[in-house]
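Let the hints inform the model, and build the full structure from the sequences given.
Sequences listed follow chains A and B, in order. Residues 1 to 111 (my numbering) are what the first sequence spells out, left to right. Residues 112 to 942 (my numbering) are what the second sequence spells out, left to right.
In short, the hints are calculated from the structure, not lab data. Heads up, a few of these hints could be off.
Said to hold, decoys possible - Label pairs and their calculated CB-CB ranges:
#1 A:Ser56 <-> B:Glu138: 36 to 44 Å
#2 B:Gln791 <-> A:Thr77: 49 to 57 Å
#3 A:Thr77 <-> B:Ser273: 25 to 33 Å
Beta carbons are placed, not taken as given, at the ideal position from N, Cα and C, and that holds for glycine.
Listed here are the chains, written in short residue letters.
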Amino acid sequence: MNKIGKYEFTNESTAKSKINALEDNHKHVVIELGNITITPGDYDEEGNEVEAPINSVMYHVDVLWKGLEPVDAEAETLDYTHPNGWADYAVEIEDNGVHAFMGLDYADYKF
Amino acid sequence: MLGLGLGSHKASALRSLAAKLLAKLRERSTYYENNQGSKDTIQEIDNYELLDKASILLTPTAYSDARVHCVKPSLPDYGKNLIPNSGEADSWTIVNSSGTIVNENGYLKLTDTSGAYGYTHIPITVETGKDYIITYNLVDSGTSSSNYIRIGNSINTTNYHSEANFTSTGKRTIRISPSETTIYITLISGIGIGKYAYWNDITVQATADFDFDRASSATRINSDGLVQDMQSITDPELVLNGDFEELGDELVTSTSSTDNWINARSNSVLSVVGDTVRATTGTDDTFGISTAITTVIGKTYKINSFGARNNSSGSLIMRVSNTANLSPAIYQDVTTDDLTLTTSAYFVATATTTYIGFLVTIPVPTGEDYVETNLLSVQQVDPNDRWSLQGESYIDSGKGVIYSTGDFSALRQTILTSGRTYRLNFDIVDSTQGSIKIGYTSGGGEIEASLSGVGSYEYNFEANGTLLDIARFSGATDISIDNVSIKDITFSEDVDLARINYDSNGENGHWLLEPTSTNLVTYSEDFSQWTLGINSTLTYESDVVAPDGSLGVYRLTNPATFNTYIQSPLFTYNNPVTLSIYAKYADASNNEFDLYDGTNTTRKITTSEWQRFDAVGFGNQLTLVNSGDTYITDIYIWGAQAEALSYATSYIPTLTGSTVTRATETLTGSGNSTLINSTQGVLYAEIATLSEEDKAVGSQISISDGTTDKRIVIFSSAASGSEGDIKVAIVKSSTEFEERVALDNSSGTDLASFNKIAIGYMSGKNVLFVNGREVTEANTNFEQFTFDFSSALNTLDFSDGSGSNNFRGKVKAIAVFDRILKQEALINLTS
Chain A
1 MNKIGKYEFT NESTAKSKIN ALEDNHKHVV IELGNITITP GDYDEEGNEV EAPINSVMYH
61 VDVLWKGLEP VDAEAETLDY THPNGWADYA VEIEDNGVHA FMGLDYADYK F
Chain B
112 MLGLGLGSHK ASALRSLAAK LLAKLRERST YYENNQGSKD TIQEIDNYEL LDKASILLTP
172 TAYSDARVHC VKPSLPDYGK NLIPNSGEAD SWTIVNSSGT IVNENGYLKL TDTSGAYGYT
232 HIPITVETGK DYIITYNLVD SGTSSSNYIR IGNSINTTNY HSEANFTSTG KRTIRISPSE
292 TTIYITLISG IGIGKYAYWN DITVQATADF DFDRASSATR INSDGLVQDM QSITDPELVL
352 NGDFEELGDE LVTSTSSTDN WINARSNSVL SVVGDTVRAT TGTDDTFGIS TAITTVIGKT
412 YKINSFGARN NSSGSLIMRV SNTANLSPAI YQDVTTDDLT LTTSAYFVAT ATTTYIGFLV
472 TIPVPTGEDY VETNLLSVQQ VDPNDRWSLQ GESYIDSGKG VIYSTGDFSA LRQTILTSGR
532 TYRLNFDIVD STQGSIKIGY TSGGGEIEAS LSGVGSYEYN FEANGTLLDI ARFSGATDIS
592 IDNVSIKDIT FSEDVDLARI NYDSNGENGH WLLEPTSTNL VTYSEDFSQW TLGINSTLTY
652 ESDVVAPDGS LGVYRLTNPA TFNTYIQSPL FTYNNPVTLS IYAKYADASN NEFDLYDGTN
712 TTRKITTSEW QRFDAVGFGN QLTLVNSGDT YITDIYIWGA QAEALSYATS YIPTLTGSTV
772 TRATETLTGS GNSTLINSTQ GVLYAEIATL SEEDKAVGSQ ISISDGTTDK RIVIFSSAAS
832 GSEGDIKVAI VKSSTEFEER VALDNSSGTD LASFNKIAIG YMSGKNVLFV NGREVTEANT
892 NFEQFTFDFS SALNTLDFSD GSGSNNFRGK VKAIAVFDRI LKQEALINLT S
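Take a look at the structure:
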């Protein structure tokens, strides 16, 4: 089962260490979004910045996890957990947010 | 030969091996395309008599969800049966004295001697994780009341396949992926002492199909030259016999003997002269010859051809009748001379036996008058009842005819699924009377009504039933249709569809394998969401066709003045970043624009056709400007993209405010030890890199033992000074290997064009051929490199063998030969 997880870390180095700990087996697609823009900037008609964008202080990462096994394969409803201790950093949002995987709606693939 | 063009239908054209392989491939794939491109590649290999020698061959033609199908090995005619003696009863073991198995009439006869089924099994040695195709044939259920086949990891277990209680005879095929090295096929028949059944054709064959993974969708350029989301590719054709040309078996027997030919008027003598059957009359003035064919009342039959000759001056008649003497006729064709059918003729059977033949009536018999024929061909139209003919509708002359004197009449197929979206295409080719309607339920759900004009029609609709009816609209009707097509165009949930990509002209089909990439530009088709310079104009023109075939694109006009630009929402600064956008001019005299990434501008010149323009640089935006404000830009734009790569990859739509990622594609898991020889062989590839700018370090194709230790590999070099070179290597451990440059990235060789590479491996006698030439060096370490892989090679991957370093690029062909080829063959293969 493929799942999409959205994660936020207090800083980039924490995120990098979690990412680097993953095996290079192509069972996941990691997209580092970084300090995403929370509120877009404001610009005048000539394109000059009137108000700077407000970015998140958290370091954001999206992961498409491939081929996850359910916690209990014989359960009536299959549950999946975030692999490799990533649950501690997981966040849940309502729509795709600032990033999506092509053809996959986050609402259909979230944990 | 009578000189009437007779016998031409009997010259059965021998289909090429390439065509046979592709036909088999089509049967086992969900999606099939690029037939001619693949056929050309396969034919070229066959022309050098190398096709038979290839144990694995992949061309860009066939795929299913998460699978890519190989041309070879092909089932069932060309694969290697792992249980070649399965037809011999001695190869089978009876379980617990439950029965007997013997050979009888060429089949396996399994008899129950216990009263509770006879059980027999055969073990098969396989490789774990590989795919196998198993066929079995219940030839005759005999006296057995039910029959079973079980395939498992021990006798009579069913963990791979179980089929129970089947009594219908016929050949069946399944695919398994065993996780044990020994599996068992168990046959079970009987339930009653002495009860038996006949089995046959038990085969196990390895398949070399690849596992494909991407996990996200992706776009490609399709064979129409259009940008297409892989989730929108249409499913296979659903209408069977949509051209109304499907024909049954030949119904007329040979003219090489008088068997089955009838003296139509009891006054002639039948004889065979050469390959003709002749009826010679004595003194009677009417004589003839006929043959009986078995027909189904109400079914249409096509007379493909006939030819007959009459040596007298009498009239010659071809007749179809329900009597052997050919009278009365239900169809006839008359001439006074030699009689040859020039166009096909049709008749509807009114009896279960129909006679067809030739009569001659002469004014004055000479005693030597005869009529003879060596050409007569009749086949049933729509023999498989693809079309359900409702009311008075019928099939004739390769057309479906909706005919009615006043009641409901329709051509019907039950092929729809409620809730799915379909595209219907058909032609009205003749319109004599009335009109027709298109319906998708019986008695309701009309898509369209009152159609009568000759022409082509296309409708998209969502089905609310299972029936497709092309029916009389009202009143008397006589309208003929042809080329009926229905395709399911529901947006697919399948995201693991491999891509056969084409050039913008729809040619040059190839597998496209790309790395993960994210389109950093949001609203890639909705430029109204971008920032527009105050002196620029952006208009939406709904009648302009976009590169994906849809209607409606934006037109950007930048006058030759300041503040003229359109800028994407800003994205994270990247170095490198590659910008790309589709554009064509709206005004031929104002066809230039600049791509600006926030740092550099690159001038582009558009044409009247859509082109994708790109620029590599560094920055945080995609802006279209008329740099210098000295010229006017008036262009259509579509499909903007910015990627943190040094080259552009396939278009990734971002239709909302989110950036979108296309995931890495992997193609792995092909091959096994029966198809790959560990001692000697050839790995052949016709490949191209994604771009001249793509150094593609870590991009590999290998045959291996499933690890990076033992392998033959084509790879992109990461070594300092030779980055991006295409090299080959033979590796027998992480420290023992020998490599050679196949394509030098710095020598002007166009790596982004297709190149042909063949590595011949044989311990101490290795060779490398590229584009028709042997690649040699003064240092012969590669040629003389020795190895002993000890039957270990069993995997063909677009990776380093372990699943990492996945290949990225374009692929026209991959082949494995299980013997090393001679120099001339390798030159031909790579030329």
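Unmet hints by their number, sorted upward, for this structure
Of the numbered hints, just 1 does not hold.
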